[in-house]
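Colleague: Read off the chains here:
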Amino acid sequence: MTEAVRSVRLPPSHEASADQNWVRVATCDQIPPRQGRSVSIGDRELAIFNLGPSTELGAGDRFFATDNRCPHKGGPLCDGIVTGVSAVCPLHAWKINLTDGRVERPQVASEHCVATYAVRVDEGVIAVSVPR
Amino acid sequence: MRRLVVVGNGMAGMACVEQILKYEPQFRITVFGDETHVNYNRVMLSSVLAGEKAADEIIINTEEWYRRNEIDLRVGVRIVDVDPRAKTVIGDDGSVTPYDALLLATGSSAWMPPIEGLDKDGVFAFRTLDDTRQLIRRSGPGTEAVVIGGGLLGLEAARGLQVQGCRVTVVHLMATLMERQLDKDGGQHLVRTMERLGVRVLLGRSTKAIRGKKRVERVEFADGEGVDANLVVVAAGIRPNVDLGRKAGLTVKRGIVVNDAMETSDPDIFAVGECVEHRGICYGLVAPLYEQGKVLAATITGHGGAEYTGTVQAAKLKIMGVDVFSAGDWDVSGADQIKYEDSGRGVYKKVAVKDGKLAGVILVGDTSDSHRYMDWLRTNVDLGDTRGQLLFPPPSADAGLDVAEMCDGATVCGCVGVTKGTIIAAIHERGVNTISQLKESTRACTGCGSCTSLCQDLLRAVAPDFEDEKKKVICACVPFAEDRLREILRSQKLKSVQEVLEIYGNGIGCEICKPALSYMLDMLWCGDHDEDRSARFINDRVHANIQKDGTFSVVPRIRGGVTSPDELRRIADVADKYRVPMVKITGSQRIDLLGIKKADLPKVWADLGMPSGQAYTKGVRMVKTCVGTEFCRFGTQDSTGAGIELERRFEQLFTPHKVKMATVGCPRNCAEATVKDIGLIGIEGGWQVVVGGAAGKSVRKADLLTTVETTEQALDASELFFQYYRENANYLERTYDFVERLGIEKVRKETIYAPDAVKCGLRDRFAKSKARARDAWLEGQAPTDPTQFASLEVLDKVFT
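Chains A and B supply the protein sequences, listed in that same order.
Read in order, the letters of the first sequence are residues 245 to 376 in my numbering.
Read in order, the letters of the second sequence are residues 85 to 884 in my numbering.
Chain B extracted, bound-state conformation:
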């Protein structure tokens, strides 16, 4: 077997090796990487910096993959020299490794512009996983960060640093952000969007020096001005790593020169990726690497004839909430320009058409149909008939139509180069039904991830047992699935509804998403969020249930349905004093005072001297009980005592939807525990804990969560389920839908049977929320704003 030595353990090198492995084995492969990691997705570093992904989530090839393919992986070894006559490479560890074929995939490095003081402590590039980790370590609230460079990478770094808590300024030499991808108008939209996110943008500034004693203190511009900084990221561009190419005597211009077969000027040396120059172009994006790798694999394994003819350049900014896409040559002379601009929504589209064909496109604010443009660019199709619909796709009758319009040869995943035909074949031949299976099987969707929705659509249209991993979005204002959104809010440390709407939504919100977001923030931050009452339904602003005539109903907490003569007297007095039109015993073993005016609520609560029963909110309602062993001759457990304890433990907390509970002392089930969200059923010597029951719009018998011996154990098991439901259910999803959706086995596995660490986490977060929870009716004495319960009083005498 011949010896293939690969220098560079990055995306380009390993994508090429993956292609080589598809042919008959003819190489013993050794891979050198100067980073100490296995191959990871460099494109996703910005997601790691922004806390959206963990470092191990961006690994492409695991150690196991290298082992399985018998690849000798040498990480942390930098190849410093090549001897093309002896056919050896020399490592910085002194090793000399012979090769029959050498593959240079050395990539590129951050270009450091001529700025004084780049050696100061606190100056970083943003190129590797180690850079990223350093940046995360050094950033945080109070850090003034300056990013030099307003290109793709610089902006992604800026947003990431900001998410980490830094105050961020982007300093850009040119007059337009991302000037290689955007025209002036597009750049201006982007500036506005970045500044709305809170990133300061300085254009047309040439950085002269970085000042400071040992550590960075200030960034100085050529015009004499400057900004204070204690962290500087240089993202001013990249330069191909061509040193080894030079040492090997290859033809090198800006990059190592390769021909269409991906051969260098030495027949035994090949090169791929960002270190090469092909037809005068050095690529810095991910898609070309894969295309080059395929051709190179064919050439190096002797399957000649494959040709690489270049790649349509396309770039997509990966900042959540900031959609920017650019492809092709939108500035080509002699092209017709078609533009659309909506300053209110921050949407800008520009399409350049030359000789009836798409030459280039810029999309800012709405990149949803970027794949359509990519397809036109790749296929160089004549746009004759679609000329009138260039900026917007024709309204599609169903979800399958968009994918139906694509031909089998159309590219779905531009990064890896997977066509619609390949995906359909994978679905039929390899039983692919989910996105994860598709990634595994075809590698589609593993690059920049922008084709995810297209892959989803294709799976939905073709796969017989399609499983939608994507849940429905909350509403059009915040177009994210709830589990995704919870992740985002947590990682981005967002604490107010308005902030979420501004960054991830339409800036406005509606009566559907605002309460949902309010709940989510309260749950995620265990009550330590910025409560915004304007985002709550009126019931949660005044802590009472609005009735058809605009009055409110008041239900005090009567835990376990057990009250006292004293409480009953106070309730009766209140009913008299405020002329309450109706006093009603509810189905929840409580008393409802109906028809109370908003302005009277604080006085009513004060006179009652009882806490809120939360009968108006998506939260803990009540625990219905039977009399149990206290009085009942059949009772086996103290159900009233347990019920009161259960209610005390959970009360005052918010939940995705209302939570009604019951405890019964024996299986006769007098308080109907089997149709409650959480029920405790007393049995001889213990309790059954049941969850997910309902007797409302739906009727569902609760599932058995567990059987335990003591009341304390029953309460503990309930608590695990309760917190699990709070954290994982969608807003307005009752436990009966939630348990049904997940299946009781999964619920058990992730609550009572979960590893101790998981259980501790649930308990800790529950305890934290509980510690912050307060009786809402205390606001009667200390309103959040002076007019919370009041009407306004006119200041003038009317009609003078």
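Next comes chain A alone, as it looks inside the complex:
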């Protein structure tokens, strides 16, 4: 999946900027490989995914965070089946790229993107960067 490799963005710098805040949400072992879990931060609900070890992302588990709402009908993305670097919404099978929030299927206008959040892992703890 070279296509996926290209779209992987490096997370922003680890220093929280003025309007961003790193929030620790879980330990790595709380999310099994190739599954997602939801977490509420303030009034946001995020989906945190563990993409598991894979050829395109390397040996270790990799974590990504998005809004937990499918842009289609609001389905919980955290409950979707993970396929590569995407998740498939359990309601109507919209396919969302977890690295950039793009809707991969069906073909829809780009404003139907899902918000993504930078993730970092320190000593087995997952933290996401959310706006203040």
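Derived by calculation from the structure, the hints in this document are not laboratory data.
Heads up, a few of these hints could be off.
[As the list claims (entries may be wrong)] In silico BS3-like pairs for lysine-lysine, Cα to Cα no more than 30 Å straight-line:
hint	chain 1	residue 1	chain 2	residue 2
1	B	K854	B	K687
2	A	K317	B	K668
3	B	K632	A	K339
4	B	K441	A	K317
5	B	K852	B	K830
6	A	K339	B	K438
7	B	K854	B	K843
8	B	K681	A	K339
9	A	K339	B	K556
10	B	K556	B	K137
11	B	K687	A	K317
12	B	K742	A	K339
13	B	K298	B	K579
14	A	K339	B	K781
15	B	K632	A	K317
16	B	K661	A	K317
17	B	K742	A	K317
18	B	K423	B	K438
19	A	K317	B	K681
[What the hints assert, rightly or not] Derived coverage of chain B by chain A (criterion: at least 3 residues anywhere in the stretch with Cβ under 8 Å from a Cβ of chain A; other residues may be distant):
hint	stretch
20	590 to 602
21	630 to 638
22	866 to 875
A virtual CB, placed ideally from N, CA and C, is assigned to each residue, including glycine.
Take the given structure of chain A and dock chain B to it, following the hints.
Modeller: Quick look at chain B alone, frame taken from chain A:
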């Protein structure tokens, strides 16, 4: 009639004899074979070792074939001498057999490199069916196997041993795997693929000795290092068997020298196959044998003029999931090289073009258009116009286009040498409609099997009543038809979805194939597989049915629709306690609690104290019943009792698609058994068992499976059908499509009318699955992972 003696009962000898038999009979034929088997497809031995084929599936010529053609077959007799003056051959059983014409098809033997200790117990070649059987017997989990030789045969042996459970190391003298077929880059891709499969590869190692007391213990390299081993396979190459040629006084170099007419230096002695040397080349692959055999048959029967001018060498690695193809001379000097490499997909292609013509090709990871290159090589066509499309075929508008592009003289089956024209003639003149008929009629597709899809395409395009034996593949991630895949998973003993995806798929999978594979593994291993919840739909992760707002519905099991005041009270209490937005009586005589939060599911289940009704999964839903003889004045059978029993027997099992059942006490059919996947219809003195009914998206009246006298018999017949459906339907294929596809006659024949052994098998596997099946809601108290039903809780105070 003249006496023709054939020494060698292998592929080359018998292919040649088949050609000779096409001419007017002029020989009494005697065949000597030192193996004790009829002629089998040696190319397929690796498939036997890998468990993909049974030994009897690779037989080419049956005993019946020898009899029918009046061939005197002497198996287990090795010819040890030839007397060209007396024109006799002498067997190791002391027999002396006179000949008028002698055909040497002695093939080749495994070459044993100068390694100390080759006589140790546990060292094998991989050349014959007996070798293969020995290897299967000696391998298994815990066996450390070392394969010496990283060529075609060595790699196929390695994969086969690994499938048999061994830990396998391939030790190769050269710096590149399959260096005769691959360049350095192609070889590196192959190393990665083999290692991904779990085969260790050591390159550039010269094996010095095999150590051990009596049995093999260790393989030692010239550099002093080594690996522990208790099984060693030597696949370091082959040497033509030329002994008899020498004894007959023939000109022998590396092989028995033949001319273009396939004559040796003795006018009464002929030779074919791997034992010959033609224009300085000894061939070790299957296609040349057939081409030589044709020419030899013409020469020996006096139809002179046929000429063998050599064969374009082509090799294809036969390891499922590892695609490697190489043909021609890709290293020829002065050629232009065109390359493509996709490290993500593991695809590597290299094409060498010289003087505007294809000189050679290497394909790793994607060999789907190998036939195109073979065709260019054979016809030596000028590539002028196609230069820009050498690495990928132009997008074809329809499936027929690829075959339409081939001319009638183009070779479809390179092994047997069958052209497109021959196949079309067979279709028109002999009414060929299926691949099996095509094999029978033209022998196409009986060698290495790599032309199967091309033959399919040709049949599809030309045959008037084409019957596709190939079913559609699951999805692009795992490009196999489901029945094929079931065979593969079973024979390769694969137990996890991720493993299957990595070996036979794209390594990733999707929402279509993952649940399908999950089901398949659960069914094949009767629940004793490595369950991976990430491969299941959310409903099967949390055992409830997801609703449009992300909440879930809960349907407890109410067997046969019969409940109790106590259960109803608990349901009512749960509805109150969790403020369940809707409580609904379903069409299945059950109660649905809708709008429950994921995190509440375990508590709801515990409070209900009832097992899961599986209303969310592709599995056993329910048995709908009428009141039957218990209360109904028309009832002839106890339909509620039978329904509860039926539900108890099948519940908690997964099926290809949902299974809904019903039992009715009389033909008035109040619980609609005639439109259920399985229905029991009470009649005076017995039951009718009906299957394949539907009243959903499709409406279909169920077919009568059988009529029986007792309830137990009705349940038994249902069980046979139920397990048969589990094992043979495609994922997401309802019984009504399944029964319709197969026809009820076939279903009956393979269930209730099947031989006892078959029925026992179905019952045993059913019982095994049932013994492992558990109420899914027990996971409410013992989750598979700590957050199975929970949301994550932030560890920091937010926005400090």
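Colleague: Need the list of violated hint numbers for this structure, in ascending order.
Modeller: 4, 6 and 13
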